[in-house]
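These are the residues of each chain, in order.
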Amino acid sequence: MRAAGSWTLRLLRGFGRFWWDFLVGDTPEIFLAALVVLGAVALISLEGHWNAAAVVALPLLAMATLGLSVRRARRPGRR
Amino acid sequence: MVLASMTSSNAVVLAGAVFLASAVEMVEALTIVVAVGHTEGWRAALRGLAVGLVTLAVLVAAVGPALAHFPLVALRLVVGSVLFIFGLQWLRKAILRASGLQAKRDEDAVYRQTVASLETDAETHQRARVAFVLSFKGVFLEGLEVVIIVLTLGSSAGRLGLAVLAAIAALVVVGLAGVIVARQLSNVPENLMKMVVGVLLVSYGTFFTGEGLKVRWPGGDVALVVVAGAYGIVACLTVIGLRSSAGRHPEGATSP
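One line per chain: the protein sequences are A and B, in this order. Numbering of the first sequence is given in our numbering, commencing with residue 1 and proceeding in unit increments. Numbering of the second sequence is given in our numbering, commencing with residue 1 and proceeding in unit increments.
Derived from the structure by calculation, the hints contain no laboratory data. Keep in mind the model is a prediction, meaning the values are calculated, not measured. Beta carbons: idealized from backbone N, C-alpha and C, even for Gly. Just to be clear, a hint being listed does not mean it is correct.
[Claimed, not checked] Per label pair, the in silico range of CB-to-CB distance:
hint: 1; chain 1: A; residue 1: R10; chain 2: B; residue 2: G220; range: 15 to 23 angstroms
hint: 2; chain 1: B; residue 1: A116; chain 2: A; residue 2: L60; range: 32 to 40 angstroms
hint: 3; chain 1: B; residue 1: G41; chain 2: A; residue 2: L60; range: 49 to 57 angstroms
hint: 4; chain 1: B; residue 1: W42; chain 2: A; residue 2: G25; range: 48 to 56 angstroms
hint: 5; chain 1: B; residue 1: G41; chain 2: A; residue 2: G5; range: 20 to 28 angstroms
hint: 6; chain 1: B; residue 1: L46; chain 2: A; residue 2: R13; range: 41 to 49 angstroms
hint: 7; chain 1: A; residue 1: S6; chain 2: B; residue 2: A57; range: 24 to 32 angstroms
[As the list claims (entries may be wrong)] Some residues of chain B that are not near chain A, with every Cβ distance over 10 angstroms (derived):
hint: 8; residue: L53
hint: 9; residue: Q89
hint: 10; residue: R112
hint: 11; residue: L171
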């Protein structure tokens, strides 16, 4: 019973760690910026109903996120 | 007629994205399996490979059909967000490697590292166990990324079957290449493939997330190609910019 519980706990921990590494990993800035981008576009599209602005904003903000992360990687001691 | 050709070209883009992404991950897994096979014998390596593949197949069989019952808009939002983040990570890494700011992944180094880790375990019984675990872990972990890409791209585009076929094709091609070239996996242009896949993943991520957020893309599916082109241009310009700036301020590449 206890063994089964610890196995389940290990499995859950491994599952959580996989998704953490997969989505956050060594680039937390991309994860955080993506959340901000998606929130902003959700506001523009769902609340503001500005379709044209959402169409332009989504890829542009993604490019800005990429630029920000690459710039961060150039700092000494990073990468 | 136009609609039919557009649909088939989107199918080609989807199959290409899944094929390339799967191939990149499979090359990484194959390096570990080949290293284990050469060092500890093919029995443990192939057992690890087989158990890893069966586990992944069970996962696809379990999760795949369930996704079909998920509301499409919600599925595209969740899947799009995952692809968006994952694609940006791939593209960032490919840009840093192409511009020389980060050392390229060296399959020969991974091979040597795997061999070394096996040679430190002196006892034969222990080594056989470690060899199996190494092979299984390599196949399962790299394969899990393939499974996520196949399930997310395939289900969101409503073409899960095509995505699975593309991944199987990549498995066959990489498997055959592995048999033929054996240890020369470093010759695979992995970074170029990673760059293309990164562009495609971010593009799909952008497109699906937009649809999940009720954004109406001008031109429908054609917007996907335009977005991919824009990301491709930005990625190339960034690499060129970083290379020229590195030329002005020379600095060595760090290891991954």
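Query raised in the report: Can you list which hints this structure breaks, lowest number first?
Result: Structure breaks hints 1, 2, 4, 5, 6 and 9.
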